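2 protein chains.
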Amino acid sequence: MTADRNPLADVNASLRQLMQLAQTRSKKIRKETGITGPQLLAMKTLADSPDLSISELARRIYLHPATVVGIVDRLEGQGLVERTPSKKDRRQVNVKLTRSGKGALRKTPVATQDSVLAGLESLPEKKLARLAANLAKIVKVLEAHAKGPVPKRRRGRPRKEESAPKKRRGRKSA
Amino acid sequence: MTADRNPLADVNASLRQLMQLAQTRSKKIRKETGITGPQLLAMKTLADSPDLSISELARRIYLHPATVVGIVDRLEGQGLVERTPSKKDRRQVNVKLTRSGKGALRKTPVATQDSVLAGLESLPEKKLARLAANLAKIVKVLEAHAKGPVPKRRRGRPRKEESAPKKRRGRKSA
DNA sequence: CACAAATTATTTGTATACGAATTTCAAATC
DNA sequence: GATTTGAAATTCGTATACAAATAATTTGTG
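These protein sequences, in sequence, are chains A and B. Residues 96 to 269 (the numbering used here) make up the first sequence, in order. Residues 96 to 269 (the numbering used here) make up the second sequence, in order.
Derived by calculation from the structure, the hints in this document are not laboratory data. Since we're looking at a predicted model, the values are computed, not measured. Take these hints with a grain of salt, some might be off.
One copy or any two copies: either way a pair holds, since identical chains are not told apart in the list.
Unchecked claim - As a list, the in silico DSS-like pairs of lysine-lysine whose alpha-carbon atoms are at most 25 Å apart: (1) Lys232 <-> Lys123; (2) Lys122 <-> Lys235; (3) Lys197 <-> Lys139; (4) Lys235 <-> Lys123.
Model the full assembly from the supplied sequences, consistent with the hints where possible.
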């Protein structure tokens with residue numbers, strides 16, 4: 096289906112399916128453990144290296160710090176992680192697993208440890224390795240392209256975008 | 096970087112980066128055209144086959160109908176698509192591009208036509224085709240696994256999840 | 001030390017994205 | 001024809017996910 100007509104569109108569709116599968120799996124894991132995929136990923140990262148700052152944690156899981164704040168908020172709400180103000184730099188916050196968080200992580204099935212891609216375990220080692228290398232290469236190409244890709248020509252003007260009246264913002268004004 | 100230690104984790108990281116790149120690109124396109132990636136994908140699909148129902152459109156872009164409702168809402172708010180009640184089945188709604196929508200689609204740069212993966216255009220045709228085939232295969236494996244993958248053993252009980260008092264719901268009660 | 005610049009976490013706003021519940025219809029069954 | 005069953009769109013709730021703005025702090029420069 097769709098044949099080799101337009102490889103780009105095919106890639107697009109595949110990635111879309113992939114994301115959907117990941118999300119479905121994430122929901123399933125959530126039902127079973129109460130923890131979502133991104134939350135699990137964050138916890139796993141914290142298990143390997145405790146006391147990460149929000150920024151560092153965000154870097155390691157390739158997410159925006161603003162997103163990680165929300166994830167940590169919810170994990171903290173469940174008592175799985177803990178925020179500690181850093182003594183070195185009072186802007187920073189150190190995040191680490193609580194005892195309960197470590198326990199929850201131990202109880203997650205092995206198959207879900209690697210987040211959303213449990214299905215790939217059935218592939219032979221060699222294929223899997225090749226796939227990993229392939230993907231890494233693709234990401235590299237896209238990354239390079241995203242950085243400085245001659246924009247060629249801009250056609251079509253940006254639409255206007257009214258901005259609502261701004262309100263209070265910023266850090267927790269304790 | 097991470098070497099061949101754990102291919103599964105590598106794949107996971109790559110996919111994560113991929114999704115992030117896609118999202119970043121989507122935001123960029125939005126700044127330039129006022130249209131986001133998913134919105135553009137929906138419009139492109141409607142350009143190929145007008146008067147799709149919400150469900151059918153959702154199927155074609157691999158999204159949940161509930162998600163597509165929101166996307167169509169926003170596109171309709173911008174006057175780019177139009178909802179028409181179906182005469183055959185009064186439950187259905189036919190969505191199609193407006194004249195303005197067609198114009199906007201024409202004005203989007205060619206590079207962004209294929210949504211979020213513009214960078215891949217620099218790859219040689221052959222590589223691209225191989226990549227497409229690879230991804231399709233992977234998706235198939237994951238899909239099969241998601242359907243019926245002997246669950247092995249369930250360990251760890253689901254957490255409780257309090258439910259708030261329900262409110263009014265359902266279709267637009269005109 | 002004073003002050004500008006950079007960093008850090010956070011909040012707000014917006015857009016996905018899905019599941020569950022719900023309403024409106026249509027179709028099948030009795 | 002009445003009832004049940006099913007499908008379609010929608011709403012609500014929740015969780016990502018990012019950009020921009022903001023407050024608190026640190027660092028660099030004079």
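Right, here's what the structure says about each hint:
no., hint, in the structure
1, Lys232 <-> Lys123, "between (30 Å within a copy, 23 Å between copies)"
2, Lys122 <-> Lys235, "between (29 Å within a copy, 20 Å between copies)"
3, Lys197 <-> Lys139, "within (9 Å within a copy, 46 Å between copies)"
4, Lys235 <-> Lys123, "between (31 Å within a copy, 19 Å between copies)"
In this structure, none of the earlier numbered hints is contradicted; all agree with it.
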